[in-house]
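Student: Taken in order, these protein sequences are the chains called W and D.
Per our numbering, the first sequence starts with residue 1, numbered consecutively.
Per our numbering, the second sequence starts with residue 1, numbered consecutively.
Because the hints were derived from the structure by calculation, they are not lab data.
Treat the numbers as computed from the prediction; the structure is a model and nothing was measured.
Keep in mind that a hint or two might mislead.
Below, a sample of chain D positions facing chain W; criterion: calculated Cβ distance under 8 Å [to be verified]: (1) I27; (2) E30; (3) G32; (4) A88; (5) L112; (6) K114; (7) R171.
To be clear about the criterion: a stretch of chain W counts as covered by chain D if any three or more of its residues have a C-beta under 8 Å from a C-beta of chain D, and this derived list gives those stretches [stated by the list, open to error]: (8) 212-224; (9) 255-267; (10) 447-454.
Glycine is no exception: its CB is placed at the ideal position from the N, C-alpha and C atoms.
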Amino acid sequence: MKSVPKLIRRFLGIMLLSTVLLLILNFILLVVVTASQAPNGYPWITAGETSQALRQTESGSYELPDAIASELEESHAWAILIDNETMQVVWQTDNLPQTVPLSYSISDIANLTRGYIDGYPTFTGEAENGLVVLGYPKDSFWKHMWPSWDYDLIANLPKTVLSVFVINIVFIFIIYCFANFGLLKSVKPIVSGIQRLPTKEAVTVRERGLLSELAASINKTSEILQSQSRQLQKKENARANWIAGVSHDIRTPLSMVMGYAGQLENDKRLPEEDRQKATVIVKQSKRMRNLINNLNLASKLEYNMQPVRMEKQNVIAIVRQIVVDFINMDIEDKYPINWETDEAQSVCFAEVDKDLLKRAVTNLIQNSINHNEGGCHIYIRIMKEEERCAIIVSDDGTGATDVQIECLNNSPHYMVCDENTLEQRHGLGLLIVKQIMEAHHGWLTIDHSQYGGFQAVLYLPVIRNY
Amino acid sequence: MKFDYLKRKRILLVDDEQAILDMVLSILHEDGFQNIATAKSVKEAVELSEAYRPELAILDVMLPDGSGFALMEVLKSKADYPVLFLTARGEDDDKFRGFGLGADDYMVKPFLPKELLFRIHAILRRSYKAENPFVKLADSEIDFDRAEVIRNGEHISLTAKEYDILTALYRNAGRIVTIDALCEAAWGDNPFGYENSLMAHIRRIREKVEVNPSRPVSLITIKGLGYKLIVEENGS
């Protein structure tokens with residue numbers, strides 16, 4: 001589950017970025033809105049300008065320049081000038097409402113400065129010898145002149161802003177975690193379910209939460225995969241069982257053929273010619289027996305139904321026993337076997353399935369016998385190299401052509417070949433040897449022998465330190 | 001014949017197929033076995049064994065009313081005698097089961113008469129050797145009962161290791177026994193690095209059984225592979 005921290009990092013990054021972007025966006029909006037309000041936004045400035053522009057003529061009356069007058073008119077504002085000495089209104093615009101008093105006390109001045117006159121928001125500007133008061137239409141401005149701040153509040157403002165910012169981020173993070181915990185919790189089993197799908201095991205994800213539909217389709221997919229692999233397994237089992245069944249059913253009748261032919265072969269009362277015929281029957285029955293054994297094992301190895309029991313074994317002892325079994329059985333001495341292994345070499349340990357390795361070596365020796373009807377010498381040699389053990393089975397028989405050897409080394413056997421071909425039909429024996437070597441992480445090579453015949457070499461990885 | 005006493009052993013043969021029974025009977029009769037009883041089911045075999053008291057059982061694995069393994073357990077619970085399985089199932093797990101329960105050997109059908117007879121002789125010789133302890137070699141006799149060799153009237157005793165090695169060779173008389181199998185017989189499982197000791201023991205055995213130990217006629221070396229004991233009048 002390496003992807004989950006990555007996912008969290010990504011989410012977090014996006015969230016922080018969007019927070020910052022949001023702040024910037026808000027700031028920009030604020031500026032834009034404020035700027036658009038600006039024309040009405042400066043009544044204090046207008047009041048200041050009015051007070052500066054108001055001039056006393058020589059006749060003692062007051063005069064406002066047209067520009068300012070029209071600006072006031074546009075914003076429907078009125079103006080008065082209160083004299084410093086008399087506290088009386090000495091000048092006024094024409095649109096002054098009737099309700100506005102014409103005489104003021106000091107407290108009135110203070111009130112109007114920070115508030116209203118009869119509901120009209122008022123703004124003041126200092127003129128040469130009086131106070132100019134602008135009155136804007138009712139409900140055109142809010143006036144709040146009360147606020148005042150503790151000194152430290154403003155002084156610490158940068159720090160305060162920063163900590164507010166940090167608190168905000170922490171708060172947002174906590175909200176994010178709470179919000180996403182649920183999501184992650186429901187994503188996690190789905191991710192692990194998907195990851196388990198290719199392993200061929202049955203996957204069941206609880207169909208709950210936000211992603212229950214996704215979980216349901218994972219479960220369904222797993223079900224389909226499982227049933228497919230079950231069906232495949234069933235098919236392969238059926239095929240292997242069929243082969244096992246056929247070979248089992250052939251064994252009993254073949255026993256009779258072999259048993260009676262064997263008796264006839266050794267019956268001294270029979271004429272030599274008949275005994276020869278019995279010998280042929282025995283020989284062919286033996287071939288059939290080998291074929292059945294090989295067919296059964298090959299199909300089992302092909303469909304992984306043959307349990308492989310790996311154990312530390314002395315390869316030399318195993319091969320020596322096989323050779324001795326062959327010598328003990330070969331009464332006519334038609335196929336003498338020469339043990340060429342170095343006498344000093346008495347152990348060679350490897351992890352092997354004893355029965356399977358026996359079968360592989362037996363098949364190679366049997367191969368030499370089968371392909372040399374007239375008899376031949378067979379040479380067995382075991383060589384221990386750095387990391388492997390080579391079992392060399394060679395003979396001085398008829399051998400094979402270069403093309404045949406090339407074909408044996410490289411072409412697939414018809415039993416495991418998906419093309420319908422008749423050209424690669426060589427015996428099952430070598431296929432089994434190849435399969436057995438694969439199960440042992442070893443391999444088989446086929447070549448001409450130095451004795452003039454056929455040579456097969458089994459390479460097995462050995463256990464080191466021996 | 002030296003091994004005539006083995007031919008008189010009572011053999012119980014169990015297989016559900018009449019044709020197989022007939023064939024094995026014929027093979028055994030031809031080889032000189034005289035006492036053979038046959039049964040076609042577990043029930044029949046159990047009943048028969050009560051009165052017949054077999055000394056060797058040859059059992060099929062698949063019987064109509066049970067498995068040969070179960071039958072062996074029943075038979076062995078009453079009396080201890082060797083059991084050889086004949087089966088049409090070549091699978092390895094059967095083999096392991098058979099040996100694990102105390103089967104003495106196992107043969108997969110089909111088989112040649114000489115293969116079957118060799119196994120039967122080997123089992124009988126192993127199981128009943130005490131009944132005829134004298135084994136005749138070219139120059140001497142081995143008395144397995146007293147663990148000694150008799151040559152020219154002289155009694156020479158065998159050491160424990162020599163006895164073990166000779167027993168293993170005698171069990172497979174006339175056939176090569178590998179160096180590894182002999183080491184295992186003398187020193188137990190996983191005997192590695194005993195080849196030189198084995199050679200020394202073989203030399204000492206030869207000094208006891210052979211007239212001319214440097215030119216052995218009874219205990220033969222098969223170079224690189226093992227040894228073979230030649231028994232006079234080999235019954236197998």
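Student: Quick check on E30 (chain D) please, does its C-beta sit within 8 Å of some C-beta on chain W?
Tutor: 6 Å, holds
Student: Counting residues of the segment 212-224 of chain W that have a beta-carbon nearer than 8 Å to any beta-carbon of chain D, does the count reach 3?
Tutor: violated (count 0)
Student: Report holds or violated for chain D covering the segment 255-267 of chain W, Cβ cut-off 8 Å, minimum 3 residues.
Tutor: holds (count 9)
Student: Holds or violated: is the Cβ of A88 (chain D) closer than 8 Å to a Cβ in chain W?
Tutor: Given a least distance of 4 Å, the restraint on A88 (chain D) holds.
Student: Do the numbers back the hint for R171 (chain D), that is, is its least Cβ distance to chain W under 8 Å?
Tutor: 13 Å, violated
Student: Go through the hint on I27 (chain D) and say holds or violated, using the shortest Cβ distance to chain W against 8 Å.
Tutor: Nearest chain W Cβ about 6 Å off; hint holds.
Student: Quick one, is the G32 (chain D) hint okay against chain W at 8 Å, beta carbons?
Tutor: 14 Å, violated
Student: Cut-off 8 Å, C-beta pairs, minimum 3 residues; does the coverage of the segment 447-454 of chain W by chain D stand?
Tutor: violated (count 0)
Student: Minimum Cβ distance from L112 (chain D) to chain W below 8 Å?
Tutor: With Cβ-Cβ at 4 Å, under 8 Å, it holds.
Student: Measuring from the C-beta of K114 (chain D) to each C-beta in chain W, is the shortest one below 8 Å?
Tutor: This interface hint holds because 7 Å falls under the 8 Å limit.
The structure shown violates the earlier hints numbered 3, 7, 8 and 10.
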